[in-house]
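Given the sequences, and given the hints that come with them, work out the whole structure.
In case you want the letters, here they are:
Protein chains: 2
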Amino acid sequence: MAKELKDLTKSDENYSQWYNELVVKAGLAENSAVRGCMVIKPYGYAIWEKMQAALDRMFKDTGHQNAYFPLFIPKSFFSKEAHHVEGFAKECAVVTHYRLKNDPHGKGVVVDPDAKLEEELIVRPTSETIIWNTYKNWIQSYRDLPILCNQWANVVRWEMRTRLFLRTAEFLWQEGHTAHATREEAIEEAEKMIHVYQKFAEEWMSLPVVVGHKSPNERFAGAEDTLTIEALMQDGKALQSGTSHFLGQNFAKAFDVQYVNKEGKLEYVWATSWGVSTRLMGALIMAHSDNNGLVLPPKLAPIQVVMVPIYKGEDQLTEIRARFEAIAAQLREKGISVKIDDRDNVRSGFKFAEYELKGVPVRLAMGPRDMENGTIELARRDTLEKETVSQEGLVERIEGLMTEIQENIFKKALAFRESMITKVDTWEEFKRVLDEKGGFILAHWDGTVETEVAIKDATKATIRCIPVDAPDEEGVCVFSGKPSHRRVLFARSY
Amino acid sequence: MAKELKDLTKSDENYSQWYNELVVKAGLAENSAVRGCMVIKPYGYAIWEKMQAALDRMFKDTGHQNAYFPLFIPKSFFSKEAHHVEGFAKECAVVTHYRLKNDPHGKGVVVDPDAKLEEELIVRPTSETIIWNTYKNWIQSYRDLPILCNQWANVVRWEMRTRLFLRTAEFLWQEGHTAHATREEAIEEAEKMIHVYQKFAEEWMSLPVVVGHKSPNERFAGAEDTLTIEALMQDGKALQSGTSHFLGQNFAKAFDVQYVNKEGKLEYVWATSWGVSTRLMGALIMAHSDNNGLVLPPKLAPIQVVMVPIYKGEDQLTEIRARFEAIAAQLREKGISVKIDDRDNVRSGFKFAEYELKGVPVRLAMGPRDMENGTIELARRDTLEKETVSQEGLVERIEGLMTEIQENIFKKALAFRESMITKVDTWEEFKRVLDEKGGFILAHWDGTVETEVAIKDATKATIRCIPVDAPDEEGVCVFSGKPSHRRVLFARSY
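As given, the protein sequences belong to chains A and B, one line each in that order.
Per the UniProt record's numbering, the very first residue in the first sequence carries number 1; after that it's consecutive.
Per the UniProt record's numbering, the very first residue in the second sequence carries number 1; after that it's consecutive.
Because the hints were derived from the structure by calculation, they are not lab data.
A couple of the hints might just be wrong.
The list treats identical chains as one, so a pair stands whether inside a single copy or across any two.
Restricting the straight-line Cα-Cα distance to at most 30 Å, the calculated cross-link-like pairs of lysine-lysine (DSS-like) are [unchecked claim]:
1. 299 - 334
2. 50 - 334
3. 60 - 299
4. 50 - 192
5. 80 - 101
6. 101 - 460
Structure, rendered in structure tokens:
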């Protein structure tokens with residue numbers, strides 16, 4: 001570990017390598033033996049569990065219930081919505097057989113050719129099709145609507161280039177799938193959920209996001225409108241962190257889901273879907289961490305306070321540990337998670353570095369001198385500030401710090417993000433800002449797919465979104481010179 | 001729904017059909033369009049979530065952490081432990097391709113033959129192999145041990161005959177996988193976890209279970225010892241409800257996982273694994289429910305108290321609803337979940353039947369007369385008793401009832417189970433009891449696989465377990481007449 005700590009690549013030397021190393025060294029995740037699939041290690045999973053718990057509470061508070069739908073989707077279902085299958089066909093894992101048998105020519109086992117499935121099954125890359133095929137039986141009349149379901153599940157998309165958390169063949173996520181009687185209600189739901197994601201990103205992840213609509217070209221396959229939250233990473237690249245789709249009647253028509261309205265007439269049902277995934281872990285790591293390791297907002301930190309005794313000999317340790325335990329008990333009563341690290345086989349300097357790597361928000365250290373003086377050393381991970389404080393009032397101080405650190409991390413990320421939004425009006429400026437500074441670019445766009453694609457081909461920048469709060473503003477497209485009525489948000493992205 | 005309620009098959013007419021109908025009609029689960037895979041509906045999933053939360057807390061309290069490992073297992077890994085592959089090969093879903101493409105001969109999509117995987121992937125039926133391949137990199141010295149991980153996940157076993165919750169191709173479960181320095185510590189862990197399951201079954205599910213060892217023939221594929229909890233259903237058949245395996249060094253040897261012990265010597269690591277699944281839902285339903293529907297122990301009931309207003313006209317409803325809401329607020333403060341059902345399109349009798357079907361532990365009904373008298377009608381689901389009680393002290397009374405009902409359901413199940421354990425000493429008696437009464441049979445067995453198989457072939461009864469608390473007792477095998485030193489537990493089972 002000591003070696004590992006020192007070896008963390010500097011983020012300004014190689015951001016991508018810094019990220020990969022940090023994920024592994026902080027014990028968050030690692031690559032598995034299966035191409036593109038990751039192992040989420042206990043420390044990483046503990047953060048994901050906190051994300052899940054907070055999101056799940058927010059979903060339930062907005063009237064949603066959890067359910068569970070099959071992992072497998074019959075190939076024929078998958079093909080029913082034309083845009084949908086087009087969007088996902090190239091990245092599907094396909095189950096074709098259901099049995100192994102002993103290899104007649106040698107040792108080991110082979111796939112049993114006699115056990116071929118009549119219809120191949122797709123491992124779900126997303127569940128609209130299997131869910132709408134199910135909803136068909138749940139919905140007869142307007143009284144059965146709305147249906148507000150969410151599912152926590154694993155999904156598989158056979159990505160060619162994968163990165164831990166950011167893009168993996170298998171990932172964990174939640175997918176909400178709702179059914180409504182009217183277009184307006186479905187649109188309202190899609191908007192409500194993107195704002196739930198925004199609230200979660202800002203209040204739990206300390207991550208400011210821009211809410212907006214995707215351009216038609218970047219919409220979810222099968223959606224009429226895709227709302228997104230876009231975050232900015234410290235290297236100036238954007239990261240799409242959650243999406244909420246208004247699906248119109250596309251899936252209802254593909255699966256023939258109609259209901260009898262109050263007037264006794266048959267109508268197709270309106271749909272939304274929305275999801276966030278373990279990709280949020282990548283956003284959390286990249287948005288806040290530094291060359292010493294992770295910086296975790298207290299609300300998502302598995303360990304919020306770590307205590308390290310500074311001692312010589314068993315007697316001193318016993319005394320300090322007792323004092324720590326008394327403080328820990330008080331902190332735990334306030335709902336603050338605490339770890340006392342009294343390992344005797346590593347030095348305290350090593351422990352300090354380890355908890356910095358792991359992003360523990362507050363570190364307390366206490367030695368014999370502190371015991372005499374009634375003091376304690378308190379270090380903040382977010383600012384790296386250290387000070388010696390009185391043990392008196394310590395619990396209240398730490399309780400306050402939890403909020404203060406949470407907000408400070410947000411403010412820092414927000415200040416960075418604001419400093420990285422540039423309004424540009426010419427194509428030369430567009431390219432220059434993108435190359436020299438990066439970040440978000442607010443520019444006029446003529447609204448055509450051709451221009452969008454041309455800009456992407458020329459610069460690798462895409463339209464991240466058309467912000468919901470973008471004011472009307474007359475201008476000309478930065479690329480084509482054609483008229484435009486509002487600025488959209490461009491960036492290079494993950 | 002009214003039709004559905006009346007149509008529930010009587011359990012004594014056709015137990016199996018009663019079960020299937022109950023699962024569907026109570027809104028717990030249904031078959032999906034994918035062979036053998038179920039949809040867990042919101043009401044069923046809400047019970048599963050409560051099970052998960054309680055178990056997860058118990059796992060964490062015993063020092064375990066959650067993690068997540070890949071859905072897919074390379075075929076070669078799967079084959080490394082000989083007994084393991086033998087046990088699971090016949091029921092594996094196999095991913096062979098990773099892309100679809102447009103069918104050149106017609107419409108729709110087909111599997112792209114050019115996108116064949118170099119090595120086929122097994123959809124995990126259980127994760128020992130991929131996890132031990134991972135642990136290899138986590139374990140170097142005794143300081144890295146123990147590893148105490150749990151995973152909440154979906155697994156797939158291609159079963160030919162499936163039944164909702166009891167046996168499905170895909171199911172949800174948790175699987176604990178621990179690594180230890182010594183044989184003794186691993187055995188202790190396996191025992192600790194089977195007792196965690198026992199405690200959960202008894203205290204949360206109100207389900208008495210027998211704890212014991214599986215006979216060698218019934219062990220998990222790759223285990224040296226399998227501990228089990230066995231429950232009895234109301235039709236007299238046993239249901240294996242959870243297992244905990246001492247895996248010896250089998251997987252450590254298969255994946256070459258060694259550690260340096262305190263003396264500096266290399267040793268193979270010792271392993272356990274343990275799991276419970278959505279099968280527990282089947283146990284919960286079959287153990288307690290009746291011809292009116294589910295009977296849920298309060299600790300697992302998504303709705304613990306339902307309130308039904310009895311009224312004529314909007315004014316009465318407004319008044320009653322206000323009173324209900326005041327009571328509901330007090331109950332919620334005590335952590336009791338409450339639903340007020342003021343639907344105006346169904347009669348209250350229909351509502352009563354619906355909440356009986358759904359197993360809501362306590363039902364409150366209030367009409368104008370009750371409003372005048374300060375009374376309320378209180379009905380218990382477990383006993384079907386109804387009484388008119390004072391509104392005064394109602395909250396305390398209901399709080400007490402939650403515990404009382406939880407215990408009463410357990411006591412009833414325990415009394416039934418005890419009445420269904422029969423000691424038999426002759427083969428004729430064995431067959432007679434099995435056919436006429438069913439339940440558990442305590443009988444002597446000579447300890448051989450031959451006898452075990454012969455008994456199963458003759459009667460369909462298997463050795464459910466060798467109970468951990470079975471006293472030493474000399475006797476002769478009920479089948480072979482050979483000497484035996486303790487009785488074992490036989491039953492027909494799910």
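Between copies, within a copy, both or neither: which fits residue 80 and residue 101 at Cα up to 30 Å? between (34 Å within a copy, 14 Å between copies)
When no copy is specified for residue 50 and residue 334, does a C-alpha distance of 30 Å or less occur within a copy, between copies, both, or neither? both (17 Å within a copy, 25 Å between copies)
First find the shortest C-alpha distance between residue 299 and residue 334 inside one copy, then the shortest across copies, and answer within, between, both or neither for a cut-off of 30 Å. both (13 Å within a copy, 26 Å between copies)
Checking residue 50 and residue 192: alpha-carbon separation at most 30 Å within a copy, between copies, both or neither? both (22 Å within a copy, 27 Å between copies)
Residue 60 and residue 299: within-copy, between-copy, both or neither at 30 Å Cα: both (19 Å within a copy, 19 Å between copies)
Same-copy or cross-copy closeness of residue 101 to residue 460 [CA-CA at most 30 Å]: between (48 Å within a copy, 27 Å between copies)
The earlier numbered hints are all upheld by this structure, with none contradicted.
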